[in-house]
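*Asks:* Read off the chains here:
Number of protein chains: 2
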Amino acid sequence: MDAAEFRRRGREMVDYVADYLENVEQRPVYPDLEPGYLRSLIPNEAPLEPENYEDIMKDVERVIMPGVTHWHSPYFFAYFPAASSYPAMLADMLCGAIGCIGFSWAASPACTELETVMLDWLGKMLQLPECFIAGTHGHGGGVIQSTASEATLMSLLAARCKAVRRVQPSNPKISEAEILSKLVAYTSEQAHSSVERAALIGGVMIRKVPTDKRYAVTGDLLKKMVDEDKAAGLIPFYLCATLGTTPSCAFDHITELGPICNEENMWMHIDAAYAGSAFICPEFRPLLNGVEFADSFNFNPHKWLLINFDCSTMWVRERADIIGAFKMEPLYLKHENQERFRSLKMWFVFRMYGVKGLQGHIRKQVALAKEFESLVRADKRFEICAEVIMGLVCFRLKGSNELNQNLLKKITKSREIHLVPCQLSGRFVLRFAICARTTESCHIQQAWQHITQLTFELLQEPSL
Amino acid sequence: MDAAEFRRRGREMVDYVADYLENVEQRPVYPDLEPGYLRSLIPNEAPLEPENYEDIMKDVERVIMPGVTHWHSPYFFAYFPAASSYPAMLADMLCGAIGCIGFSWAASPACTELETVMLDWLGKMLQLPECFIAGTHGHGGGVIQSTASEATLMSLLAARCKAVRRVQPSNPKISEAEILSKLVAYTSEQAHSSVERAALIGGVMIRKVPTDKRYAVTGDLLKKMVDEDKAAGLIPFYLCATLGTTPSCAFDHITELGPICNEENMWMHIDAAYAGSAFICPEFRPLLNGVEFADSFNFNPHKWLLINFDCSTMWVRERADIIGAFKMEPLYLKHENQERFRSLKMWFVFRMYGVKGLQGHIRKQVALAKEFESLVRADKRFEICAEVIMGLVCFRLKGSNELNQNLLKKITKSREIHLVPCQLSGRFVLRFAICARTTESCHIQQAWQHITQLTFELLQEPSL
Chain A
1 MDAAEFRRRG
11 REMVDYVADY
21 LENVEQRPVY
31 PDLEPGYLRS
41 LIPNEAPLEP
51 ENYEDIMKDV
61 ERVIMPGVTH
71 WHSPYFFAYF
81 PAASSYPAML
91 ADMLCGAIGC
101 IGFSWAASPA
111 CTELETVMLD
121 WLGKMLQLPE
131 CFIAGTHGHG
141 GGVIQSTASE
151 ATLMSLLAAR
161 CKAVRRVQPS
171 NPKISEAEIL
181 SKLVAYTSEQ
191 AHSSVERAAL
201 IGGVMIRKVP
211 TDKRYAVTGD
221 LLKKMVDEDK
231 AAGLIPFYLC
241 ATLGTTPSCA
251 FDHITELGPI
261 CNEENMWMHI
271 DAAYAGSAFI
281 CPEFRPLLNG
291 VEFADSFNFN
301 PHKWLLINFD
311 CSTMWVRERA
321 DIIGAFKMEP
331 LYLKHENQER
341 FRSLKMWFVF
351 RMYGVKGLQG
361 HIRKQVALAK
371 EFESLVRADK
381 RFEICAEVIM
391 GLVCFRLKGS
401 NELNQNLLKK
411 ITKSREIHLV
421 PCQLSGRFVL
431 RFAICARTTE
441 SCHIQQAWQH
451 ITQLTFELLQ
461 EPSL
Chain B
1 MDAAEFRRRG
11 REMVDYVADY
21 LENVEQRPVY
31 PDLEPGYLRS
41 LIPNEAPLEP
51 ENYEDIMKDV
61 ERVIMPGVTH
71 WHSPYFFAYF
81 PAASSYPAML
91 ADMLCGAIGC
101 IGFSWAASPA
111 CTELETVMLD
121 WLGKMLQLPE
131 CFIAGTHGHG
141 GGVIQSTASE
151 ATLMSLLAAR
161 CKAVRRVQPS
171 NPKISEAEIL
181 SKLVAYTSEQ
191 AHSSVERAAL
201 IGGVMIRKVP
211 TDKRYAVTGD
221 LLKKMVDEDK
231 AAGLIPFYLC
241 ATLGTTPSCA
251 FDHITELGPI
261 CNEENMWMHI
271 DAAYAGSAFI
281 CPEFRPLLNG
291 VEFADSFNFN
301 PHKWLLINFD
311 CSTMWVRERA
321 DIIGAFKMEP
331 LYLKHENQER
341 FRSLKMWFVF
351 RMYGVKGLQG
361 HIRKQVALAK
371 EFESLVRADK
381 RFEICAEVIM
391 GLVCFRLKGS
401 NELNQNLLKK
411 ITKSREIHLV
421 PCQLSGRFVL
431 RFAICARTTE
441 SCHIQQAWQH
451 ITQLTFELLQ
461 EPSL
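Each protein sequence line maps, in turn, to chains A and B. According to the numbering used here, the stretch in the first sequence is residues 1 to 464, in order. According to the numbering used here, the stretch in the second sequence is residues 1 to 464, in order.
Only chain A is shown next, with the shape it has when bound in the complex (with noise of 0.2 Å):
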């Protein structure tokens, strides 16, 4: 394919993008497919010889679109949202055709340099702390990672690190595999199953803080926790506190867990995956009170701010604790080996929206689970199942687990709208997100209006 033919395609293929998440609506959110469904519908091999591109576009309706889960589906109020604008395809065909990887500065500099810019335009939206503003005379700043997972990850290995450098120097005669042994993790039983995997690489004992009614950790809950570690000769070095966990979008008490880890010497990791978005609102911002304790802080823009995926925004105190760990770039906080020009599409989008625009989008999400909340409220057969402060509405029908694992498999089944079960305190609890930037007050209707069908009709059958 020529420079005049990608002209030709790229034009063509502008128009598919645009025609599908215009009409992508009508498509069934969920497909109807068993695991397997692909494999008899091409070839075993790749082709010896080309192809034509036409018969590669009549294979994406006829093989691809069949398979797809329709994240951006306005019916698709499953997990949290993927985040997708306008602005950032744009950006991504750009960030393609330059095609650099920004391993180093010399690599492609304004790729780590707009990177550095653009995480302190996000840090001040988000009214970070000064320390964590790579423009500034602090030691901290801000760096892209392609998942939440990743973050958390580099968050154990750089406090692990940490943490091995202080007590080595005060007992020397232990050795570096006997304080690794007896290092502790600590994070929210809700937290997302990351954490846990982040330890299991890390080599680190890893503990689970119960959590509150509101499946909160608080500072009693876990000061109780690293009390008895220390008691019983460990070494308490780390917590991944969440803001907005996965389950049931809970907020840590970061306000109470952040002295806590600072008198502790803990490293105090901020997951934000999802709600950190919203705290460019002045009215949500005060859920990031505690931020200022903290180690590292990071959120996922791909989510909720309109930035195609990757791009997950991590901000350290410190940026000399994680190049120590990694033998990393110095001047960037870059990693080897990695990474487009994912900066462009957050310059894109935060100029295309400006912040007002960005506010208004979280906002207009918010209502719209709020909108969703009401109705739940005024049916008596239902239950909100934990508070609605974000976009997500946790709900389920006053009865059995059963019950509910029934309704779910009906509006499953049904593929009009697409959504995901949580456990809460035991109980199985479906959970509405609102995702879709195209989403509005009619499909939440429409939604609810499904839901409360299939319910009558779930309800008239014999029980089991």
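To be clear, the hints were calculated from the coordinates, so they are not data collected in a lab. Accuracy of the hints is not assured; some may be wrong.
To be verified - Cut-off 20 Å, straight-line C-alpha distance, at most; resulting in silico cross-link-like pairs (PhoX-like, lysine-lysine):
| # | chain 1 | residue 1 | chain 2 | residue 2 |
| --- | --- | --- | --- | --- |
| 1 | A | Lys124 | A | Lys182 |
| 2 | B | Lys230 | B | Lys182 |
| 3 | B | Lys230 | B | Lys208 |
| 4 | A | Lys356 | A | Lys124 |
| 5 | B | Lys208 | B | Lys182 |
| 6 | A | Lys182 | B | Lys182 |
| 7 | B | Lys380 | B | Lys364 |
| 8 | A | Lys182 | B | Lys173 |
| 9 | B | Lys398 | A | Lys173 |
Unchecked claim - Covered, in the sense of this in silico footprint (three residues per stretch, anywhere, with C-beta under 8 Å from a C-beta of chain A), are these stretches of chain B:
| # | region |
| --- | --- |
| 10 | 11-19 |
| 11 | 52-62 |
| 12 | 256-263 |
| 13 | 308-314 |
Think of the CB as a built atom: it goes at the ideal place given N, C-alpha and C, for glycine as much as any other residue.
Since chain A is already given, all that's left is putting chain B on it; use the hints.
*Replies:* Same frame as chain A, but now just chain B:
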């Protein structure tokens, strides 16, 4: 930006991309800037109100382009290639529109399934042993990673987990921490720094095996180290062999190393990040002989197989080893919280080029390297420093390191071509890698003429 404006701006961007790539050789390949140049060119904070798209595109030329190292200029000969092709860019546009996050089968069946089948297609192109192909009766399969570093880390952690499980039952008195403190990983002294980093993350010792005159690790050299370490009470558990090292594209002797690893219960991972793409050509496939002894194998189609970053392909012999180590989704070897629809790029590229087209690309670039090698060999002032097997030529002026450093400084300063150096046996060596898809014989001739002109000037200067 609504769909209508996206259609318009998308067409403009397609043209911008095509124009950029058609004319990139007219831009200086390397920027003329000091670190920190960008911050003063843009505001300190994100705009409150939306800006015009035209202003952003003007800033792409004003702010970004002057700071770009143009990896796709035919005069770019630094590092290794970053793959780029029009079909991959079209697939990336589609990937952005679908915008799914494929962390489980249900999150997007087509995404998960196409990846598995594309890894089979590619594995068959490379004639990998059947045990690595998912669509067989074996227990192996392939998965896309972001980078070779990630694949190395994953293989080391899986090996660590397997080693602990193997050693523990027969040594019930030894704690896991003690076992970990005795584990030793091995890699070539010529290996990429990411192997050392993986060991650092995994908390295990790493030993660098010396290389022979061709900068390759042989069986004898490994065996000697392993025996010494075992005698010292250590537990050898992992080898990362390299096919195509970063400094000189050397090939470790995996037919010798494999049996040693199998005998010693050591995991053998093969990192063929750059050279792996060439194994689709029958004439280069013998270099992969020995892969039948490997537990895992990885290379980067995003380097040399015309598939834009990121696309690092990894195969494992036993899916269960990876699943056990990471508690991953068992069905398809997927990470949680991970990844776009990257296999679309593979599908588009394989079909638009065909295997023959891809072979042609590899052969053309190897021929260009041979052409450059001949030019160097014909000039008695220069020497070739390592066998030219793929698209990389290591060369230097006969004489001191300082002389060669000065030559490289002149080359970098002139900004007509871009190279980076390496160290081989303590000597400062220039690396000339065939990188851009559009590099032709004329660019090689031009580059050599430029180098000899600068050499002429250098040798005229009074020596320091």
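*Asks:* Give a verdict on every hint.
*Replies:* We went through each hint and held it up to the structure:
no. : hint                  : in the structure
1   : A:Lys124 <-> A:Lys182 : violated, 38 Å
2   : B:Lys230 <-> B:Lys182 : holds, 10 Å
3   : B:Lys230 <-> B:Lys208 : holds, 16 Å
4   : A:Lys356 <-> A:Lys124 : holds, 14 Å
5   : B:Lys208 <-> B:Lys182 : holds, 16 Å
6   : A:Lys182 <-> B:Lys182 : holds, 17 Å
7   : B:Lys380 <-> B:Lys364 : violated, 26 Å
8   : A:Lys182 <-> B:Lys173 : holds, 18 Å
9   : B:Lys398 <-> A:Lys173 : violated, 52 Å
10  : 11-19                 : holds (count 7)
11  : 52-62                 : holds (count 4)
12  : 256-263               : violated (count 0)
13  : 308-314               : holds (count 3)
Violated hints, in rising order: 1, 7, 9 and 12; the structure is consistent with all others.
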